[in-house]
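The primary structure of each chain is shown beneath.
Number of protein chains: 2
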Amino acid sequence: MCIKREIPLGHFQARSQQLPALAPRALSTGLAPKEEPEASVPAAMLPRQLLARPAWLFRCPPGPRGACVPGAAGSWGRPVGPLARRGCCSAPGTPEVPLTRERYPVRRLPFSTVSEQDLAAFERIVPGGVVTDPEALQAPNVDWIRTLRGSSKVLLRPRTSEEVSHILRHCHERNLAVNPQGGNTGMVGGSIPVFDEIILSTARMNKVLSFHSVSGILVCQAGCVLEELSHYVEERDFIMPLDLGAKGSCHIGGNVATNAGGLRFLRYGSLHGTVLGLEVVLADGTILDCLTSLRKDNTGYDLKQLFIGSEGTLGVITAVSILCPPKPRAVNVAFLGCPGFAEVLQTFSTCKGMLGEILSAFEFMDAVCMQLVVRHLHLASPVQESPFYVLIETSGSNAGHDAEKLGSFLEHALGSGLVTDGTMATDQTKVKMLWALRERIAEALSREGYVYKYDLSLPVERLYDIVTDVRARLGPHAKHVVGYGHLGDGNLHLNVTAEAFSPSLLGALEPHVYEWTARQQGSVSAEHGVGFRKRDVLGYSKPPKALQLMQQLKALLDPKGILNPYKTLPSQA
Amino acid sequence: MCIKREIPLGHFQARSQQLPALAPRALSTGLAPKEEPEASVPAAMLPRQLLARPAWLFRCPPGPRGACVPGAAGSWGRPVGPLARRGCCSAPGTPEVPLTRERYPVRRLPFSTVSEQDLAAFERIVPGGVVTDPEALQAPNVDWIRTLRGSSKVLLRPRTSEEVSHILRHCHERNLAVNPQGGNTGMVGGSIPVFDEIILSTARMNKVLSFHSVSGILVCQAGCVLEELSHYVEERDFIMPLDLGAKGSCHIGGNVATNAGGLRFLRYGSLHGTVLGLEVVLADGTILDCLTSLRKDNTGYDLKQLFIGSEGTLGVITAVSILCPPKPRAVNVAFLGCPGFAEVLQTFSTCKGMLGEILSAFEFMDAVCMQLVVRHLHLASPVQESPFYVLIETSGSNAGHDAEKLGSFLEHALGSGLVTDGTMATDQTKVKMLWALRERIAEALSREGYVYKYDLSLPVERLYDIVTDVRARLGPHAKHVVGYGHLGDGNLHLNVTAEAFSPSLLGALEPHVYEWTARQQGSVSAEHGVGFRKRDVLGYSKPPKALQLMQQLKALLDPKGILNPYKTLPSQA
Ligand SMILES: Cc1cc2nc3c(=O)[nH]c(=O)nc-3n(C[C@H](O)[C@H](O)[C@H](O)COP(=O)(O)OP(=O)(O)OC[C@H]3O[C@@H](n4cnc5c(N)ncnc54)[C@H](O)[C@@H]3O)c2cc1C
Ligand SMILES: Cc1cc2nc3c(=O)[nH]c(=O)nc-3n(C[C@H](O)[C@H](O)[C@H](O)COP(=O)(O)OP(=O)(O)OC[C@H]3O[C@@H](n4cnc5c(N)ncnc54)[C@H](O)[C@@H]3O)c2cc1C
Chain A
1 MCIKREIPLG
11 HFQARSQQLP
21 ALAPRALSTG
31 LAPKEEPEAS
41 VPAAMLPRQL
51 LARPAWLFRC
61 PPGPRGACVP
71 GAAGSWGRPV
81 GPLARRGCCS
91 APGTPEVPLT
101 RERYPVRRLP
111 FSTVSEQDLA
121 AFERIVPGGV
131 VTDPEALQAP
141 NVDWIRTLRG
151 SSKVLLRPRT
161 SEEVSHILRH
171 CHERNLAVNP
181 QGGNTGMVGG
191 SIPVFDEIIL
201 STARMNKVLS
211 FHSVSGILVC
221 QAGCVLEELS
231 HYVEERDFIM
241 PLDLGAKGSC
251 HIGGNVATNA
261 GGLRFLRYGS
271 LHGTVLGLEV
281 VLADGTILDC
291 LTSLRKDNTG
301 YDLKQLFIGS
311 EGTLGVITAV
321 SILCPPKPRA
331 VNVAFLGCPG
341 FAEVLQTFST
351 CKGMLGEILS
361 AFEFMDAVCM
371 QLVVRHLHLA
381 SPVQESPFYV
391 LIETSGSNAG
401 HDAEKLGSFL
411 EHALGSGLVT
421 DGTMATDQTK
431 VKMLWALRER
441 IAEALSREGY
451 VYKYDLSLPV
461 ERLYDIVTDV
471 RARLGPHAKH
481 VVGYGHLGDG
491 NLHLNVTAEA
501 FSPSLLGALE
511 PHVYEWTARQ
521 QGSVSAEHGV
531 GFRKRDVLGY
541 SKPPKALQLM
551 QQLKALLDPK
561 GILNPYKTLP
571 SQA
Chain B
1 MCIKREIPLG
11 HFQARSQQLP
21 ALAPRALSTG
31 LAPKEEPEAS
41 VPAAMLPRQL
51 LARPAWLFRC
61 PPGPRGACVP
71 GAAGSWGRPV
81 GPLARRGCCS
91 APGTPEVPLT
101 RERYPVRRLP
111 FSTVSEQDLA
121 AFERIVPGGV
131 VTDPEALQAP
141 NVDWIRTLRG
151 SSKVLLRPRT
161 SEEVSHILRH
171 CHERNLAVNP
181 QGGNTGMVGG
191 SIPVFDEIIL
201 STARMNKVLS
211 FHSVSGILVC
221 QAGCVLEELS
231 HYVEERDFIM
241 PLDLGAKGSC
251 HIGGNVATNA
261 GGLRFLRYGS
271 LHGTVLGLEV
281 VLADGTILDC
291 LTSLRKDNTG
301 YDLKQLFIGS
311 EGTLGVITAV
321 SILCPPKPRA
331 VNVAFLGCPG
341 FAEVLQTFST
351 CKGMLGEILS
361 AFEFMDAVCM
371 QLVVRHLHLA
381 SPVQESPFYV
391 LIETSGSNAG
401 HDAEKLGSFL
411 EHALGSGLVT
421 DGTMATDQTK
431 VKMLWALRER
441 IAEALSREGY
451 VYKYDLSLPV
461 ERLYDIVTDV
471 RARLGPHAKH
481 VVGYGHLGDG
491 NLHLNVTAEA
501 FSPSLLGALE
511 PHVYEWTARQ
521 QGSVSAEHGV
531 GFRKRDVLGY
541 SKPPKALQLM
551 QQLKALLDPK
561 GILNPYKTLP
571 SQA
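Chains as they are written, first to last, in UniProt numbering: chain A, 1 to 573; chain B, 1 to 573.
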């Protein structure tokens with residue numbers, strides 16, 4: 001019951017740029033001018049109430065944009081689930097992913113190897129939860145973007161924290177390395193082994209432990225899938241404070257372990273603020289119970305914070321207590337075309353001012369992203385071809401007020417030429433359709449061949465400069481250089497695609513991209529984390545003393561280094 | 001320019017409870033019925049727009065409530081600044097605060113004592129910033145609530161992080177204990193020495209380093225006074241994400257060190273979410289630079305989190321980067337009288353639902369709090385005497401929409417008997433007046449003699465039970481037992497006043513209050529922290545393994561234990 005008003009997907013378009021700049025621009029659907037007599041009335045002459053909710057907000061898009069009417073939902077709203085992913089990536093003809101240890105200069109540390117006795121011990125700890133079948137081990141050894149592959153021979157599927165504790169106690173004693181794994185949707189190779197680390201999967205730890213219907217505090221096991229939690233709390237009139245394209249697969253434990261940002265970060269902030277408590281099993285099997293469900297608790301150091309974003313290197317998260325915001329009564333999504341990046345930026349500051357507290361997402365993508373989403377996933381663009389697209393979401397408690405705010409904003413954005421074309425949705429199916437265009441970019445990119453992925457925090461004014469720079473730098477050596485991301489958070493996803501991995505292309509990209517980012521005081525990993533892939537570039541964003549303190553914390557919490565080795569910490573130390 | 005509409009303070013009141021329960025209640029000012037013909041029209045018959053902003057919202061309170069008209073501002077809005085406090089507490093006749101080391105069973109650890117050579121070294125590091133005058137050292141040796149007193153002989157006033165670094169390097173080498181001090185408004189005795197620790201004051205580290213007018217990211221030195229920062233960012237159309245009664249004195253560094261909650265927590269969340277970066281000087285003088293100003297940065301462990309709420313025991317915070325929300329265009333405050341605590345709770349859930357995203361504070365106080373504020377500070381109550389009072393603040397981007405939401409809510413609250421009397425303000429002076437009633441409770445209590453302070457997180461349903469319980473338990477042995485606080489966050493301030501400190505009264509309160517709290521899975525320190533006062537009660541809210549990990553972190557970051565000894569960590573370890 002997220003959406004109260006059932007308004008058909010609305011489409012609108014600015015008049016041609018030839019109108020005299022000072023005359024107030026009229027609103028028009030462009031493609032169906034006859035249907036809207038008010039379109040020819042100058043905006044300034046319309047009464048405010050009318051302007052605030054112009055007629056095009058309530059009209060369906062005509063002809064060529066039929067793909068976004070409800071009937072076409074199948075091609076749009078498909079969640080990115082494990083099946084969706086495997087379907088695309090393990091298709092016949094997809095080349096085998098090379099072994100990480102063969103492609104990268106990395107040496108196995110002197111951990112023990114799993115013996116028959118170990119397997120017997122595991123079988124006693126998690127009866128029926130010890131996977132050694134090579135076939136079944138293929139997928140959990142390969143990362144989501146299919147560029148890294150480990151060679152683990154054992155995957156364990158505990159159901160309880162106590163089982164995790166017993167497993168780790170055994171591994172600690174036996175000096176066996178362990179790779180915690182949630183939904184295996186991580187982007188930096190943190191979730192899969194580099195050599196033969198035991199994969200410790202949270203897939204069967206998927207129970208909701210409690211939900212408080214007044215405060216909205218959810219306590220659950222770490223292996224709950226984000227989308228399932230979303231459904232659970234939405235039925236109770238709350239929402240999860242985070243949302244991401246990988247929601248159909250990723251686990252809440254994985255989200256916390258990576259300090260995932262995602263699509264609601266702009267509104268609900270970081271997991272460092274919304275996670276209220278954690279239960280964590282430490283490397284030696286000790287269960288650390290910080291699973292409080294209190295909004296405030298200043299009884300000493302906030303230990304749980306250590307584990308948020310530690311990517312399985314300091315402990316295994318077994319349960320999460322998280323604060324869920326009330327479900328907004330009205331959600332609106334506007335999908336807009338912008339003529340340039342300067343206009344994207346101006347649209348952002350205008351909309352921050354005019355939408356205020358109801359703004360819940362501000363995402364952007366460039367023209368190439370749209371082309372790839374259309375080509376590979378057969379989604380249809382709901383707006384005219386534009387250099388940039390912006391997705392704006394509002395979430396509020398009063399549909400009328402929200403529509404009025406959004407209406408005024410859109411009117412202003414169209415009238416001032418910031419936006420040239422747009423469409424709006426309020427009912428859930430169509431909202432999902434529009435979101436799919438943005439959420440499924442990563443999936444579309446993965447169909448291109450090899451993807452070089454960069455996830456940068458940059459001053460918002462410079463956000464797109466690096467895309468233009470890299471595009472010029474690589475020229476025809478890359479298939480595509482694209483930019484998209486969470487503009488509202490200053491977070492760019494710069495992606496470069498090529499037929500296959502090539503060391504020379506990599507050499508042209510790195511360290512260039514990192515140096516460029518460091519010059520802007522940016523972050524070389526905004527939200528995806530470090531994992532295996534980024535561990536040697538931390539120095540671009542963190543001073544040596546910080547890296548040293550990270551090492552000291554690792555040594556304190558995991559003295560034998562058995563938890564997710566080769567990840568998150570710089571390799572030279 | 002925070003307030004756009006200048007509407008006089010409005011007063012309203014529910015009809016007598018005799019009205020038949022099912023008939024929609026009419027709205028009435030009670031005291032001036034003739035002025036409002038619509039008051040006799042049943043609410044259900046009024047058109048929605050009219051209901052949403054009933055006339056009483058815009059009327060001034062009559063006769064006896066004249067104290068809250070603008071002219072009476074002097075007696076209301078006075079900020080709690082250093083002068084206000086000293087004026088009240090060091091008044092002639094105020095008894096000398098006993099030395100902490102004499103009242104409590106605590107032994108000095110084997111730190112060095114400050115020598116002439118040390119003083120000479122400090123003078124070289126901070127020329128003109130070494131205070132040894134006994135007179136000048138009196139105030140910084142006593143805590144805000146005047147129940148603890150240290151005997152430090154040296155206070156240092158550095159201006160830069162480098163100076164702090166040199167001071168700590170010297171102290172570390174010489175094994176001298178150091179007590180970081182901000183505004184000295186802390187409630188748990190963390191900010192003042194127990195013995196002769198050197199006081200390291202941030203008072204001269206009060207520079208804004210940068211402010212980004214698009215993102216709202218403020219970077220400043222740790223000694224900036226919260227209220228001054230508020231003014232600074234408000235002039236630039238932003239607000240600080242936190243606000244507290246102590247704003248006129250407390251430093252942002254102290255706020256971060258205590259992980260202060262305060263009055264905006266409900267809306268903008270914890271400092272763990274809003275603090276983006278910190279610069280910290282570690283015990284050995286190393287400067288740890290985590291002063292990024294990026295909304296997202298997942299390059300490894302989020303080290304700054306360690307220091308948020310660590311109360312000066314792990315490092316000295318020298319600079320803070322913090323995300324400021326845009327200044328709301330409209331702020332409304334409603335001050336309401338409720339007939340019982342059940343109605344307070346119902347008012348809260350109703351207002352969460354009806355005010356949604358614009359709700360920015362929900363505070364409550366009981367009748368005794370109001371009596372004390374009226375008696376000691378000569379503030380006037382703006383509403384009829386009630387068992388409970390509630391202060392609701394909304395902050396939004398559209399004054400009309402907000403007034404409509406608040407109007408509907410108030411109408412419902414009055415109509416259903418949740419609220420019996422109320423007043424509302426939108427202009428800044430009157431908003432401040434209403435806030436003063438809530439913010440200055442701590443000050444009023446401190447005029448009562450000795451105050452036993454408890455700051456508890458509890459399930460909101462049980463929040464007031466402990467007050468009733470303690471009141472019954474103590475009977476005439478206490479002067480007053482009061483309850484107030486941040487109800488929206490489940491945070492109760494339970495305060496007990498007596499003429500003077502008495503071990504037997506303490507014995508009746510402790511461990512009873514802590515045990516009661518632990519039984520509710522609450523926190524024995526919601527926002528005030530641990531300091532000296534609460535260090536031996538942590539076990540009520542944290543398991544042994546967590547306490548052990550705290551000790552390990554302390555040993556890692558401050559192996560000699562020179563930073564704020566006798567604080568935050570349990571004494572027995
Ligand atoms: C289509 C798509 C869209 C995405 N969008 C976003 C986005 O918008 N924002 C964003 O931040 N990220 C995004 N991601 C990446 C993001 O990191 C992951 O989707 C998610 O947070 C990881 O969860 P997971 O359960 O899949 O963890 P995994 O991938 O299984 O693991 C990730 C890391 O966490 C560790 N880990 C997992 N579970 C635990 C545990 N219980 N205890 C300790 N360590 C654990 C692993 O060892 C690994 O280091 C996206 C990924 C995809 C595929
Ligand atoms: C009237 C009043 C109202 C209050 N209301 C609230 C409230 O609503 N919410 C709330 O949470 N608290 C409240 N408090 C208490 C609160 O803890 C403090 O007001 C504030 O956060 C402390 O800031 P300060 O600068 O005064 O720190 P101090 O009192 O000087 O120090 C507090 C602690 O932090 C340490 N510290 C200070 N500065 C630094 C630094 N730069 N680096 C490292 N450590 C440092 C000190 O060693 C000490 O342990 C209130 C206090 C008063 C007097």
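Just so you know, these hints were derived from the structure itself, not from any lab. Incorrect hints may have been included.
Copies of the same chain look alike in the list, so a pair counts if it fits in one copy or across any two.
Claimed, not checked - Straight-line C-alpha distance at most 25 Å; calculated SDA-like pairs for lysine to any residue:
1. 560 x 544
2. 545 x 133
3. 554 x 287
4. 432 x 546
5. 352 x 400
6. 352 x 232
7. 327 x 124
8. 545 x 174
9. 554 x 378
10. 545 x 219
11. 560 x 548
12. 545 x 287
13. 327 x 461
14. 352 x 267
15. 327 x 408
16. 545 x 159
17. 352 x 427
18. 327 x 103
19. 560 x 400
20. 554 x 117
21. 453 x 408
Here the structure is a predicted model, which means the values were calculated and not measured.
Consistency of the hints with the structure:
no., hint, verdict
1, 560 x 544, "both (23 Å within a copy, 23 Å between copies)"
2, 545 x 133, "neither (44 Å within a copy, 37 Å between copies)"
3, 554 x 287, "both (17 Å within a copy, 20 Å between copies)"
4, 432 x 546, "neither (41 Å within a copy, 43 Å between copies)"
5, 352 x 400, "both (19 Å within a copy, 18 Å between copies)"
6, 352 x 232, "between (31 Å within a copy, 21 Å between copies)"
7, 327 x 124, "neither (43 Å within a copy, 59 Å between copies)"
8, 545 x 174, "between (32 Å within a copy, 23 Å between copies)"
9, 554 x 378, "neither (46 Å within a copy, 56 Å between copies)"
10, 545 x 219, "between (36 Å within a copy, 21 Å between copies)"
11, 560 x 548, "both (17 Å within a copy, 19 Å between copies)"
12, 545 x 287, "between (30 Å within a copy, 8 Å between copies)"
13, 327 x 461, "between (33 Å within a copy, 22 Å between copies)"
14, 352 x 267, "both (11 Å within a copy, 17 Å between copies)"
15, 327 x 408, "both (24 Å within a copy, 20 Å between copies)"
16, 545 x 159, "between (39 Å within a copy, 23 Å between copies)"
17, 352 x 427, "both (23 Å within a copy, 24 Å between copies)"
18, 327 x 103, "neither (47 Å within a copy, 52 Å between copies)"
19, 560 x 400, "neither (59 Å within a copy, 61 Å between copies)"
20, 554 x 117, "neither (29 Å within a copy, 39 Å between copies)"
21, 453 x 408, "neither (37 Å within a copy, 50 Å between copies)"
Of the hints listed earlier, those the structure fails to meet are numbers 2, 4, 7, 9, 18, 19, 20 and 21, in rising order.
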